[in-house]
Amino acid sequence: MSEPLRVLLVDDHILFRRGVQAVLDARSDIEVVGEAGDGLEAVAVARDTMPDVILMDIGMPGCDGLEATRLIKQEMPYVKVFMLTVSDDDENLFEAIKSGAQGYLTKDLKAQQLFDALEGVARGEAALSGAIAAKILREFETTSRRPDEELEATEPLTEREIEVLELVVEGRSNEEIAQSLVISESTVKNHLRNILGKLHLRNRIQAAVYAVRQGLVEDPPQN
Amino acid sequence: MLVASGLSLFGEGIEELLRQEPGLEIVGLETDPGQAIGRIREAHPDVVILTDGEAATGLDAELLRLVREGFRMRIVEVHLATNTLCIYCGEQQPIREVRDLVDTVQHICCGLTRETQVPLSPAMGQPLE
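Residue numbers (the working numbering), protein chains in the order written: chain A, 1 to 223; chain B, 1 to 129.
In short, the hints are calculated from the structure, not lab data. Fair warning: there could be bad hints in the mix.
Simulated crosslink set (SDA-like; lysine to any residue; CA at most 20 Å straight-line) [to be verified]: (1) Lys110/A - Asp52/B; (2) Lys110/A - Glu42/B; (3) Lys110/A - Gly34/B; (4) Lys110/A - Thr57/B; (5) Lys110/A - Arg19/B; (6) Lys189/A - Lys98/A; (7) Lys110/A - Leu18/B; (8) Lys189/A - Arg202/A; (9) Lys110/A - Thr31/B; (10) Lys98/A - Lys110/A; (11) Lys110/A - Arg41/B; (12) Lys135/A - Glu170/A; (13) Lys110/A - Phe71/B; (14) Lys110/A - Ser8/B; (15) Lys110/A - Gly197/A; (16) Lys110/A - Pro33/B; (17) Lys110/A - Asp32/B; (18) Lys189/A - Glu119/A; (19) Lys110/A - Ile26/B; (20) Lys110/A - Ala61/B; (21) Lys98/A - Val121/A; (22) Lys110/A - Gly28/B; (23) Lys198/A - Leu157/A.
Per label pair, the in silico range of CB-to-CB distance [what the hints assert, rightly or not]: (24) Gly38/B - Arg213/A: 30 to 36 Å; (25) Asp52/B - Asn190/A: 19 to 25 Å; (26) Asn190/A - Gly38/B: 37 to 43 Å.
Only part of the chain A face toward chain B is listed, based on derived beta-carbon distances under 10 Å [said to hold, decoys possible]: (27) Gly19; (28) Ala22; (29) Val23; (30) Cys63; (31) Leu105; (32) Lys110.
We put the CB at the ideal spot given by N, CA and C, even for glycine.
So that you can see chain A by itself, here it is in the shape it has in the complex:
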């Protein structure tokens, strides 16, 4: 059995911290190694615990999550920071990414989606809530478009693969995609591997960006 993923929780709400900890404790492959109630405490606890991932709130008294992320990424660049916040404000989102965050999740996500995001850490994936992914996709759309011939260089996707891709663009987890298409989760994973292979991409975020850019799927619905 591989080593559990070591997670540090940072949030000024004790109920939220303890609640997320209780949810994560149910998983044997995840270990909560510490918690902090503000940004400066987060930096100190990160130094002590050397976590794999930090789930970081943004709005906290004193040193906020954005500043703490900058400090942590400067000192411990290998630590992955996922913002976990109620804010879907564009400014915070792009500031978080500039600060070095590898993920931006909103607190309306379900526990299973958080598990999926954390599982993606091992594969080097970024973690984005559906609505957040949509914002970034729109930003990409307006700033650059790749030439049409790029699509021709890839193998065509099957109808089923496009269905899976549409749900990925909506920010659905593998479990939700499986339920929606009435197939098993492992089948979903295989479809995703095929999609990534055909499109020469590395992860589902890249696939979602590519799909929207190339018009393979419709724009995700906005919340």
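Given the coordinates of chain A, work out where chain B should sit on it, guided by the hints.
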């Protein structure tokens, strides 16, 4: 107890925490306000826990309607912005004479300190930390 919160992860966390406490039974976790009201009508929980963001969804108004209908329940609202709990108690008292109003007001106020008497609604704000 029923947990109603659009913040799914928060709701699931609260549910998990409370489930570990003896003597407490969680009868539901709802993220949709309409489904929360339906579940309350079915399960008649003693306590409903909700987050402050639910005010925008109209859930608080629906809860007040239930109280007016005679549902005897306590509502605990978690204010994430201020890190406080607000407790609302729904009760109905029959009116037989004017004294009933005076007695009710005195009964409510006798449990409150001078500081907490100022905001009568919410009845009580209690910092978490």
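Hints violated by the structure (listed by number, smallest first): The structure breaks hints 2, 6, 10, 11, 13, 15, 20, 24, 25 and 30; every other hint is satisfied.
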